[in-house]
Amino acid sequence: MSMLSKAQPNPRSSPAVRKPRGGGLLGRLKEQRLLYVLMLPAIILTFMFSYVPMFGLYMAFINYQPGGGSFFRQFFTTDFVGLQWFEYFFTNGDFVRIMRNTLAQSFLSLLFGFPMPIILALMINELRNGWFKRTFQTVSYMPHFISWVIAANIIVTMLSSGGVINNLLTGLGIVDEPIQFMQKGPLFWWIIAISNTWKDMGFNAIMYLAAISAINPELYEVAKVDGASRLKQMLHITLPSIRPTIIILAILAVGGILNAGFDQQYLLQNNTVLQYSEVIDTYTYKYGLQNGMFSYGAAVGLFKSVVAFILVISVNQMAKKMNEQSLF
1 MSMLSKAQPN
11 PRSSPAVRKP
21 RGGGLLGRLK
31 EQRLLYVLML
41 PAIILTFMFS
51 YVPMFGLYMA
61 FINYQPGGGS
71 FFRQFFTTDF
81 VGLQWFEYFF
91 TNGDFVRIMR
101 NTLAQSFLSL
111 LFGFPMPIIL
121 ALMINELRNG
131 WFKRTFQTVS
141 YMPHFISWVI
151 AANIIVTMLS
161 SGGVINNLLT
171 GLGIVDEPIQ
181 FMQKGPLFWW
191 IIAISNTWKD
201 MGFNAIMYLA
211 AISAINPELY
221 EVAKVDGASR
231 LKQMLHITLP
241 SIRPTIIILA
251 ILAVGGILNA
261 GFDQQYLLQN
271 NTVLQYSEVI
281 DTYTYKYGLQ
291 NGMFSYGAAV
301 GLFKSVVAFI
311 LVISVNQMAK
321 KMNEQSLF
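Note that the UniProt record's numbering has the sequence shown beginning at 1, numbered continuously upward.
Calculated directly from the structure, the hints in this document are not laboratory data. Every value quoted in this text rests on a predicted model; they were computed, and no experiment measured them. Be aware that a few hints might be false.
[What the hints assert, rightly or not] Restricting the straight-line Cα-Cα distance to at most 25 Å, the calculated cross-link-like pairs of lysine-lysine (BS3-like) are:
#, residue 1, residue 2
1, K184, K199
2, K133, K199
3, K224, K133
4, K321, K184
5, K286, K133
6, K304, K286
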């Protein structure tokens with residue numbers, strides 16, 4: 001009994017257990033007030049630049065024409081036309097062409113641009129020479145930081161009649177005469193897709209490399225003991241471990257399927273390939289800003305945003321049911 005009594009803790013000498021504060025939401029806000037103060041600048045900026053501008057969506061439902069008076073007075077006193085601009089977009093003959101080009105370029109960019117960063121990250125991860133690994137990774141994501149103005153000039157120069165590509169094709173005897181790449185409409189989709197992949201795959205591979213670095217090294221050690229080759233380690237350890245990252249980025253990529261781009265299309269297109277190069281973003285810019293059809297441009301942009309929102313929600317729910325991995 002004496003030993004048991006000595007082993008038992010003394011209530012008076014034991015440290016006091018901190019009890020959670022009551023009060024529900026107000027209690028938690030008071031207890032974590034410093035954290036919310038730190039979040040306040042981000043909340044204010046998000047509200048100002050992401051939510052306040054949303055009142056401009058009303059422009060898609062009116063016939064707004066700028067004048068010399070007050071913007072807000074003209075904005076809220078302009079005639080309400082409802083869905084007239086959406087109906088005009090769907091029936092004026094441009095809808096099919098614009099959606100065809102946007103979906104074709106986005107699908108090809110997704111087909112090339114989504115798996116290539118994964119493959120590149122796996123290749124970089126397999127490099128054992130530290131100096132060469134760092135150099136190769138740096139070179140791979142450098143194109144991401146090149147302006148599309150410079151990149152477009154590089155692409156046009158390489159694809160010209162006397163460019164590197166045509167010289168290589170004619171030198172190897174693959175073609176008899178230079179190919180006019182920038183004058184053939186169907187080739188424009190492939191040029192955009194390959195250009196997007198070249199420019200962004202190195203930068204996008206960083207996210208997969210970060211996910212790979214979080215894998216427990218002991219898994220590879222155990223696999224080596226069992227006689228697994230590096231290829232089997234990649235297939236059975238690396239890829240399954242980064243699957244959540246792949247799924248989340250796939251959801252975001254599918255949600256942006258209508259974001260074919262603006263800079264590359266606008267800089268690379270010409271009158272010869274205009275029927276294949278015009279996408280939603282360039283179409284909105286030309287009609288909304290250059291032609292002064294602000295309400296029409298707002299309607300087209302709102303249509304793209306609504307479709308993107310529906311795609312994100314749908315793909316997220318599908319991923320949650322199939323793989324139990326989702327964005328939210």
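Status of each hint after checking the structure:
no.	hint	result
1	K184 - K199	22 Å, holds
2	K133 - K199	19 Å, holds
3	K224 - K133	22 Å, holds
4	K321 - K184	43 Å, violated
5	K286 - K133	44 Å, violated
6	K304 - K286	16 Å, holds
Violated hints, in rising order: 4 and 5; the structure is consistent with all others.
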